[in-house]
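Take the given structure of chain W and dock chain U to it, following the hints.
Number of protein chains: 2
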Amino acid sequence: MVGLPARGKTYISQKVCRYLTWLGIKTKVFNVGNCRRELCGAQQDNSFFDPNNLSGQKQRKEAANMTLQQMLQWYDEEDGVVGIYDATNSTLERRKWLHDTLTAQDIQVFFIESICEDEALVSANIKDVKLSSPDYKNMDPDMAVSDFQARIAQYTSQYQTIVEQDYSYIKLINVGSQVIVNMVKGYLESRIVYYLMNLHIRGRKIYMSRHGESMYNLEGKLGGDADLSPRGRMYANLLPVIVKEKLGGKELMVWTSTLKRTIQTSEHLPYLKQHRKALDELDAGVCDGLTYEQVEERYPEDFARRDDDKFNYRYRGGESYRDVVNRLEPIIMDLERQEDILIVAHQAIIRCLYGYFMNYNQEDLPYIKIPLHTLIELTPKAYYCEEKFYKADIPAVCTHRPKPTERRPPINTQAVLGSGGEVPSPLLPPSVLTSATTISAPSSS
Amino acid sequence: MVGLPARGKTYISQKVCRYLTWLGIKTKVFNVGNCRRELCGAQQDNSFFDPNNLSGQKQRKEAANMTLQQMLQWYDEEDGVVGIYDATNSTLERRKWLHDTLTAQDIQVFFIESICEDEALVSANIKDVKLSSPDYKNMDPDMAVSDFQARIAQYTSQYQTIVEQDYSYIKLINVGSQVIVNMVKGYLESRIVYYLMNLHIRGRKIYMSRHGESMYNLEGKLGGDADLSPRGRMYANLLPVIVKEKLGGKELMVWTSTLKRTIQTSEHLPYLKQHRKALDELDAGVCDGLTYEQVEERYPEDFARRDDDKFNYRYRGGESYRDVVNRLEPIIMDLERQEDILIVAHQAIIRCLYGYFMNYNQEDLPYIKIPLHTLIELTPKAYYCEEKFYKADIPAVCTHRPKPTERRPPINTQAVLGSGGEVPSPLLPPSVLTSATTISAPSSS
Numbered sequence: 001m002v003g004l005p006a007r008g009k010t011y012i013s014q015k016v017c018r019y020l021t022w023l024g025i026k027t028k029v030f031n032v033g034n035c036r037r038e039l040c041g042a043q044q045d046n047s048f049f050d051p052n053n054l055s056g057q058k059q060r061k062e063a064a065n066m067t068l069q070q071m072l073q074w075y076d077e078e079d080g081v082v083g084i085y086d087a088t089n090s091t092l093e094r095r096k097w098l099h100d101t102l103t104a105q106d107i108q109v110f111f112i113e114s115i116c117e118d119e120a121l122v123s124a125n126i127k128d129v130k131l132s133s134p135d136y137k138n139m140d141p142d143m144a145v146s147d148f149q150a151r152i153a154q155y156t157s158q159y160q161t162i163v164e165q166d167y168s169y170i171k172l173i174n175v176g177s178q179v180i181v182n183m184v185k186g187y188l189e190s191r192i193v194y195y196l197m198n199l200h201i202r203g204r205k206i207y208m209s210r211h212g213e214s215m216y217n218l219e220g221k222l223g224g225d226a227d228l229s230p231r232g233r234m235y236a237n238l239l240p241v242i243v244k245e246k247l248g249g250k251e252l253m254v255w256t257s258t259l260k261r262t263i264q265t266s267e268h269l270p271y272l273k274q275h276r277k278a279l280d281e282l283d284a285g286v287c288d289g290l291t292y293e294q295v296e297e298r299y300p301e302d303f304a305r306r307d308d309d310k311f312n313y314r315y316r317g318g319e320s321y322r323d324v325v326n327r328l329e330p331i332i333m334d335l336e337r338q339e340d341i342l343i344v345a346h347q348a349i350i351r352c353l354y355g356y357f358m359n360y361n362q363e364d365l366p367y368i369k370i371p372l373h374t375l376i377e378l379t380p381k382a383y384y385c386e387e388k389f390y391k392a393d394i395p396a397v398c399t400h401r402p403k404p405t406e407r408r409p410p411i412n413t414q415a416v417l418g419s420g421g422e423v424p425s426p427l428l429p430p431s432v433l434t435s436a437t438t439i440s441a442p443s444s445s
Numbered sequence: 001m002v003g004l005p006a007r008g009k010t011y012i013s014q015k016v017c018r019y020l021t022w023l024g025i026k027t028k029v030f031n032v033g034n035c036r037r038e039l040c041g042a043q044q045d046n047s048f049f050d051p052n053n054l055s056g057q058k059q060r061k062e063a064a065n066m067t068l069q070q071m072l073q074w075y076d077e078e079d080g081v082v083g084i085y086d087a088t089n090s091t092l093e094r095r096k097w098l099h100d101t102l103t104a105q106d107i108q109v110f111f112i113e114s115i116c117e118d119e120a121l122v123s124a125n126i127k128d129v130k131l132s133s134p135d136y137k138n139m140d141p142d143m144a145v146s147d148f149q150a151r152i153a154q155y156t157s158q159y160q161t162i163v164e165q166d167y168s169y170i171k172l173i174n175v176g177s178q179v180i181v182n183m184v185k186g187y188l189e190s191r192i193v194y195y196l197m198n199l200h201i202r203g204r205k206i207y208m209s210r211h212g213e214s215m216y217n218l219e220g221k222l223g224g225d226a227d228l229s230p231r232g233r234m235y236a237n238l239l240p241v242i243v244k245e246k247l248g249g250k251e252l253m254v255w256t257s258t259l260k261r262t263i264q265t266s267e268h269l270p271y272l273k274q275h276r277k278a279l280d281e282l283d284a285g286v287c288d289g290l291t292y293e294q295v296e297e298r299y300p301e302d303f304a305r306r307d308d309d310k311f312n313y314r315y316r317g318g319e320s321y322r323d324v325v326n327r328l329e330p331i332i333m334d335l336e337r338q339e340d341i342l343i344v345a346h347q348a349i350i351r352c353l354y355g356y357f358m359n360y361n362q363e364d365l366p367y368i369k370i371p372l373h374t375l376i377e378l379t380p381k382a383y384y385c386e387e388k389f390y391k392a393d394i395p396a397v398c399t400h401r402p403k404p405t406e407r408r409p410p411i412n413t414q415a416v417l418g419s420g421g422e423v424p425s426p427l428l429p430p431s432v433l434t435s436a437t438t439i440s441a442p443s444s445s
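So the sequences go chain by chain: W and U. In this text, residue positions in the first sequence follow full-length UniProt numbering: the first is 1, and each later residue adds one. In this text, residue positions in the second sequence follow full-length UniProt numbering: the first is 1, and each later residue adds one.
The following block holds chain W by itself, in its conformation from the complex (with noise of 0.2 angstroms):
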């Protein structure tokens, strides 16, 4: 990474990282500041940030140096494939230093440069993210953002924009509006620019809900292309009241799977819709259309495969959880793009698109606890996602199958948040409830 302090470094860093994991590239976010704070304590003023600070600076290249040395041990150690460097990186002597070191080692090096003019969105990022650092604990609010401020200025003294014209880079001019490419080579490189261009951070809500309870549902089957059972349709006359209550007179996106229960289910749903094939159920092959029994029953060395690895068992004549992770990979780059959305889809597709924004890694995908009837609300922050379950009083089958063994739980949210030590606010309650709606607590929170 390379730009001034509280130009949204951390929030890339982040978002590329849960974006490669979630498509099994094994990706780390390795944090300058984090080190920096466990040398030399948090809570310094600006003047430790002062290139004239002899001392500030020693101490400032040896938390920049240890990190690099964490970030290589866990290439060569842990079989690394991404590490994300998030630091200023503002002078060509340090770019340098990271390119020869790194490049030395093998290591192709790919510069993400944020550079942001609109000093209102610098303002509104300090008081967002900033306050909650521990540099700042226990501080004046006003006093904590004239401190970074200086912070930041003695950042821009030295600050040399990315001219590097033998160096692989990409440079984010105020978020994206103008955006510079250079000498991009390779499938991950593309993929990462692609992904950085489609990103926006207007606020958001994202909806998801699997359709209501199907006919298949009822019998215990999978697949298929069932009918909704009469309290599926229950769901479906309820859900756009849901929607509404929460989303107030807003415009909404709507996009289903190709399949009858979710077209069903979005058919009261006064907003533009579209069918999706890629949002189709996993397919389920040669067990489509049996219950779970049957499967064990005709199948059984099939079926303890796919309790063994469930994320990469591949059903025969039909797909693994991987296989769909992969399919869904146009759909998160679309997704990124889009304001308000709702998306009604299926049990194995909603598990796979929470998981990419909750940051579940591949193999606990397959157990993720997505219940009928039930809508979920998530509102992307800075560097982490709010989650709320809106459940809806209309009883419904549990179609969940626990995992044999115990449950890994998901990645924890906070060690993976290697921005300047910003912790998620917790999760906040509901705040309006309908006579119709129920609420149940958020499976992992």
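Hints listed in this document are in silico derivations from the structure and should not be mistaken for laboratory results. Just so you know, not all the hints are guaranteed correct.
Pairs of lysine to aspartate or glutamate, EDC-like flavour, derived with a Cα cap of 16 angstroms [as the list claims (entries may be wrong)]:
1. U:Lys171 <-> U:Glu117
2. W:Lys277 <-> U:Asp323
3. U:Lys185 <-> W:Glu336
4. W:Lys221 <-> W:Glu296
5. U:Lys277 <-> W:Asp334
6. U:Lys185 <-> W:Asp334
7. W:Lys277 <-> U:Glu329
8. U:Lys277 <-> W:Asp323
With the Cβ distance kept under 8 angstroms, some of the chain W side facing chain U (calculated, not the full set) [unchecked claim]:
9. Val179
10. Lys277
11. Gly317
12. Asp323
13. Asn326
Since the model is a prediction, treat every value here as computed from it, not as a measurement. Where is the CB? At the ideal position from N, CA and C, for every residue including glycine.
Quick look at chain U alone, frame taken from chain W:
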């Protein structure tokens, strides 16, 4: 388009037009040079392009305006979605005229500028493409090159690169080694940007083959995951010989589907292989494992509907050709990045991929003849693809079902060549034959 002559504007226009057409987005290239030749005659020497030649300037502006009117008419009367206005548009004034005229009609404007500072590349482009232009018919090649260079100089004196910060644009510098993207908004622009960033102009060959004959092919059954027939295994044994003869000692990337018949077909190929789910055969849903006769008997209505509109017909619980095109889109994007590659896949898959390179309309894709036991070699040229079919001398069943009504011809390649009138050279006869291969005439030449 924006750029000096011989900067690949027509190449880019054609590629974008082919890509969007394949995705089902109605796209057309409007070439000002063609219109200028119609209005003023070809074979004007470079003085015609002198900015001080007022009569020449007036006539060129007239051609620009007439072409723009044609494009507006096409949007209006033929429901065009993406018009590509292929001309130099090398001054602020010209771009403002375009921008204001189009914006007034509620048409979004996106500029694609191609800048090339590599003189050798420009010279190669002039020799490869411009000498076959009607502008230089019957002229001595050296004189033609020098006249064309003088023409470029006429434009260079007036050239203004895009600096208009309020316009949406992409600037491709030195064949994409640097890319600047400004104010890109919307799905289509973002797709085009990503596509352009994946293009390269290094020479390469794309090989395609269906799997060898399978047991299901012998029985006339659809879909499934059958093994190769004995004759299919013979093809698998021969394929490395055929490929090696065409390729020499060069490296090759091999992509197969995840089904047994493509993996078995590629098993003796001594190259790096990837098995990609997105290359699996069109999913026949409830018809999987049936013969065409059984489908006709059990699902007579479906059978008729499929004949009616084979591109859009979706098998119950399965896919349509349209679904397949959507799932192949990331494969096309990835293919554009690759060097020499061999794809071993299935009838519907090869039809869609071949149709992309050979510029077929969507509704014609399901009827392209892709025989078994045949290696297809495509060599991308500036404005078209050269194709050769190498048929192995191993018999196989024919799985092609012709269109019930008369076959529509593919898009006429010359008709969509909006470029300086350059015409593709005729298909070359294959130069080398092994005793093991025979050559069949390409189906669409």
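For the restraint on lysine 277 of chain W, tell me whether the closest CB of chain U is nearer than 8 angstroms. holds, 5 angstroms
Tell me if valine 179 of chain W is really an interface residue toward chain U, meaning its C-beta lies closer than 8 angstroms to one of theirs. holds, 4 angstroms
When you check the alpha-carbon spacing of lysine 185 of chain U and glutamate 336 of chain W, does it fall within 16 angstroms? holds, 13 angstroms
Hinted contact aspartate 323 of chain W with chain U - closest CB pair below 8 angstroms: holds, 5 angstroms
CA of lysine 277 of chain U to CA of aspartate 334 of chain W, is that 16 angstroms or under? Given that 16 angstroms is the threshold and the Cα spacing comes to 21 angstroms, the pair is violated.
Restraint status (C-alpha distance of lysine 277 of chain W to glutamate 329 of chain U at most 16 angstroms): Distance ~14 angstroms between lysine 277 of chain W and glutamate 329 of chain U Cα, so the pair holds.
Would the stated hint for glycine 317 of chain W survive a check requiring a Cβ distance to chain U of less than 8 angstroms? With a closest approach of 6 angstroms, the glycine 317 of chain W hint holds.
Are lysine 185 of chain U and aspartate 334 of chain W close enough, with their CA atoms no more than 16 angstroms apart? At roughly 12 angstroms apart (the allowed maximum being 16 angstroms), aspartate 334 of chain W and lysine 185 of chain U satisfy the hint.
Does aspartate 323 of chain W lie within 16 angstroms of lysine 277 of chain U when you go C-alpha to C-alpha? holds, 7 angstroms
Do the alpha carbons of lysine 221 of chain W and glutamate 296 of chain W lie within 16 angstroms of each other, as the hint requires? holds, 13 angstroms
Next pair to validate is lysine 171 of chain U with glutamate 117 of chain U; report whether the Cα-Cα distance is within 16 angstroms. Roughly 13 angstroms separates the two Cα atoms, so the pair holds.
Given pair status - aspartate 323 of chain U, lysine 277 of chain W, alpha carbons within 16 angstroms: Cα-Cα ~7 angstroms, so holds.
Hint compliance for this structure: hint 5 alone is broken.
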